[in-house]
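Using the sequences and the hints given, assemble the complete structure.
For reference, the chains in residue letters:
Protein chains: 2
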Amino acid sequence: MGRTLTYPKGVSNTANRYKHRATYDLGPIHRIINDSQVLHVSFNPGPEDPFPAIIPMIGQMGSFEYPSASIDEPLECYLHGYVSSRIMNLARKSDSQGLPICVATSKVDGLILSLTPNSHSYNYRSAILHGYASLVTDEEEKLWAMKMITNSVLENRWDHSRVPPDRAEMSSTVILKVKVVDGSGKIRDGGVSDERKDYDNKQITNNVWTGVVPVWETFGTPIPNGDGTVSDVPDYITSYIANKNLQNRALAEGAVKVALPAEEQH
Amino acid sequence: MGRTLTYPKGVSNTANRYKHRATYDLGPIHRIINDSQVLHVSFNPGPEDPFPAIIPMIGQMGSFEYPSASIDEPLECYLHGYVSSRIMNLARKSDSQGLPICVATSKVDGLILSLTPNSHSYNYRSAILHGYASLVTDEEEKLWAMKMITNSVLENRWDHSRVPPDRAEMSSTVILKVKVVDGSGKIRDGGVSDERKDYDNKQITNNVWTGVVPVWETFGTPIPNGDGTVSDVPDYITSYIANKNLQNRALAEGAVKVALPAEEQH
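Chains as they are written, first to last, in my numbering: chain A, 163 to 428; chain B, 163 to 428.
Take the hints with a grain of salt, since some may be wrong.
No copy is singled out in the list; a pair is fine if it fits within one copy or between any two copies.
[Unchecked claim] Once the Cα atoms are required to be at most 16 Å apart in a straight line, the calculated EDC-like pairs of lysine to aspartate or glutamate come out as:
(1) K406 <-> E379
(2) K341 <-> E227
(3) K304 <-> E331
(4) K364 <-> D389
Simulated from the structure, these hints should not be mistaken for laboratory data. In this text the structure is predicted, and so the values were computed from the model without any measurement.
Now the structure itself:
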């Protein structure tokens, strides 16, 4: 199509700070969500509680209606949880629109060590979504979402485990479907950025080391449970781990080398 | 003293699921917060917005009044932010009690690959705090918090950079102080846990590999900015990175070996 789909910019999802780092494009936002091992999901427990709640959940973006939809097309966010958890009870009791929630995730890709504490930063990717969450009641859609979420933890794991889930497993698991209203992402990459006044001061530049420490998630050698009869770690696991380790490292180290116009850095 | 301080258990911070993994002790909760590179902070933007907001922030637990307080004693949560951000404006406008917020963080320590998707899990450490946030107005306390937060990104970095911050830097930075009302933590460690019905089924155990893939954060080789005159990476940076890499890996691999009574696993 050649058209980039973007989320509408409202008060609640528009960046006020470092606007050049913000994105409203569906693709990058969905990718940040799907690359996350854990999402932080916020909701309001009720009028008697002054504090918003946050719980860690596992989730993925996808479209049950259009399963072949690509990452930069409109998708729903599917979240996995336990049947009697507070957020599930609230979503069950909410009106037809669903429970208003916020989904957030952040990943640090590097430490930006600059001349002054003030210009220190991280290379990072973060994203938020606002939307209305309701329980998936269609069995086929639920199974589809469970498979997608399991495979997001480890590619192809679903078909290599004991499936389908039995009756008890299906009823103890609840899938929340979030109809996304808006979203935004922020990506910081590149190197150190300091102000001219410090940068021109030899006394400072002679004493402070500046640079970037790349940071990435490493998957270690699988530790077998030891009780099963499958002794060798299967290929789909070792190759997933090897690929992820290469990708994660390349992303963190590659982010440092992105050249930005000087005035857009910091 | 020998006494373990705990947060009060209320509706909003008490675990309903996997209770044996929950902790209300100040020490472990504060440690999880302080080990986090990023905290997710939730607040309600106002009556016109149905969605709670979440923003990623950097923060640390500490006590300005009793700087020598240990990690398992009552502490405040200090969060670093930009002067005109939405949360800062709300905290500035809030009543004397402060803005009700939730602080959350989660770290995955391993993938738990069991026989069925249903018993898949992560080894992880997560924590939340509820509290009232207000702006730090005392200059001495603000500077103390800024130093603590900078040093949480990289040990001893503050004294090795151009300090103190100048007037403009001090006024563009805002520190939020969260008076903590309650909190809780969850820690999952150990190995795979499956149900007897699957575990006793040879057809399943002959086909599904089970075990744990440890996951940890790796700090890579520092990439110098290249413009400064300090060419060698200083010792305090290389030793911090080396120590962190050893600790992070040992924690993720060590978590797998924790032996739990069988009925407490899963």
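Structure versus earlier hints, numbers of those that do not hold, lowest first: none
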